[in-house]
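Novice: Chain by chain, the residues run as shown.
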Amino acid sequence: GAVVSQHPSRVICKSGTSVKIECRSLDFQATTMFWYRQFPKQSLMLMATSNEGSKATYEQGVEKDKFLINHASLTLSTLTVTSAHPEDSSFYICSAPRLAGGRYNEQFFGPGTRLTVL
Amino acid sequence: SQQGEEDPQALSIQEGENATMNCSYKTSINNLQWYRQNSGRGLVHLILIRSNEREKHSGRLRVTLDTSKKSSSLLITASRAADTASYFCATVFNDYKLSFGAGTTVTVRA
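The listed protein sequences correspond, in order, to chains A and B. Position one of the first sequence corresponds to residue 1 (my numbering), numbered consecutively onward. Position one of the second sequence corresponds to residue 1 (my numbering), numbered consecutively onward.
Just chain B, same shape as in the assembly:
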């Protein structure tokens, strides 16, 4: 069952701007992951942050995790048109099952 809530549901920004989206979850987790999905395609794994980590970077991506607030954020810096996609957070408890958030649709305007 889904346990993640994401906000905003949709985000429209100008190329070069930063995009921030948030994810909240309800139960304890083992790790939290962020995925990107281009329209009508499969998911691409972006970054995984474990429950004992607070921040992680990968290229233009920065993910934070606050287990006390049960929330995570994904920051995309210097956005590009190619970043236009839907972004999902997914939590993992004690097995490999992913529980996905509702997703944030990001549109980057050229």
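If we strip away everything but chain A, and leave its shape as in the complex, we get:
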């Protein structure tokens, strides 16, 4: 199956610093990628849709200046958590849909990044 990677898998940072998380589709091109956040024992909440070559679209309540998204190529999207605070500590997961024969197929998820802000 298709593979989506994330880097880093874990990151611990001090409050006020910025953290960049990378999401790569390893064997297919993804014009669209999604970023989710998951708090402990909760479900995934969609944060934003990353669009290659254009601005990301953010879900209601997600600060675009706080969570910067760049989709620089067909295989890479980055999420930068700016001026991180302890409440930003969470599990961040990206996903990329892959079409098969023009039909929607399935989404492939990265392994997630555990962010801890001290």
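A few of these clues could be false.
To be verified - Pairwise CB distance ranges (calculated):
no.	chain 1	residue 1	chain 2	residue 2	range
1	B	GLU5	A	SER9	25 to 35 Å
2	A	THR82	B	ALA10	35 to 45 Å
3	A	SER73	B	SER12	44 to 54 Å
4	B	LYS56	A	THR31	36 to 46 Å
5	A	GLN42	B	LYS26	31 to 41 Å
6	A	LEU99	B	GLU53	12 to 22 Å
7	B	LYS69	A	ARG114	45 to 55 Å
8	A	ARG10	B	ALA82	21 to 31 Å
9	A	PRO40	B	THR27	36 to 46 Å
10	B	ASP95	A	VAL3	20 to 30 Å
11	A	SER83	B	GLU17	44 to 54 Å
As the list claims (entries may be wrong) - To spell it out: a stretch of chain B is covered by chain A in this simulated footprint if at least three of its residues, at any positions, have a beta carbon under 8 Å from a beta carbon of chain A; those stretches are:
no.	segment
12	37–48
13	65–74
Don't read these hints as lab results, they were simulated from the structure. By construction, the Cβ of each residue, glycine as well, lies at the ideal position given by its N, Cα and C atoms.
Given chain A, work out where chain B should sit, using these hints.
Specialist: Below, chain B alone, put in the same frame as chain A:
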């Protein structure tokens, strides 16, 4: 925004037993998908069922979809300890966005 509700929230069964979990949603969908998540890991796609399908099988998994009731069920037969995980349903409307349910945590006791 989330639109799926799952029940039960948690399920504990003996190895070899079947596990059934349900998912309800609110709006029309294009397809519905089930995912598994092991603790602290990413999601693994299990099965996708389209809105014009009623039942689908994959190995020990059986998924049903009732669009009139806006509900789906996932059955895991002959459960194994390795099936211990959280299971999420996710609906897709008319784009690629997934809207996840709250999830069911399944514990399979050896």
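Novice: Compare the structure with each hint and give your call.
Specialist: Each hint tested on the structure:
The hinted window of 25 to 35 Å between GLU5 (chain B) and SER9 (chain A) holds, with their beta carbons roughly 31 Å apart. Distance hint check for THR82 (chain A) and ALA10 (chain B): the Cβ-Cβ separation is about 36 Å, which falls inside the suggested range of 35 to 45 Å. Between SER73 (chain A) and SER12 (chain B) the Cβ separation comes to about 45 Å, which falls inside the hinted range of 44 to 54 Å. For the hinted restraint 36 to 46 Å between LYS56 (chain B) and THR31 (chain A), the CB-CB distance of approximately 28 Å leaves it violated.
Roughly 19 Å separates the CB atoms of GLN42 (chain A) and LYS26 (chain B), a value that falls outside the hinted 31 to 41 Å. Taking the beta carbon of each, LEU99 (chain A) and GLU53 (chain B) are about 19 Å apart, inside 12 to 22 Å as hinted. Roughly 37 Å separates the CB atoms of LYS69 (chain B) and ARG114 (chain A), a value that falls outside the hinted 45 to 55 Å. The given range of 21 to 31 Å is respected by ARG10 (chain A) and ALA82 (chain B), whose C-beta atoms sit roughly 24 Å from each other.
Separation of PRO40 (chain A) from THR27 (chain B) is about 28 Å and departs from the stated range, judged on CB atoms against 36 to 46 Å. The hint said 20 to 30 Å for the Cβ distance between ASP95 (chain B) and VAL3 (chain A), and at roughly 23 Å that hint holds. Roughly 49 Å separates the CB atoms of SER83 (chain A) and GLU17 (chain B), a value that falls within the hinted 44 to 54 Å. Look at the segment 37–48 of chain B against chain A: 7 of its residues bring a Cβ nearer than 8 Å to a Cβ of that chain, three or more, so the hint holds.
Counting residues of the segment 65–74 of chain B whose CB falls under 8 Å from any CB of chain A gives 0; the rule of at least 3 is not met.
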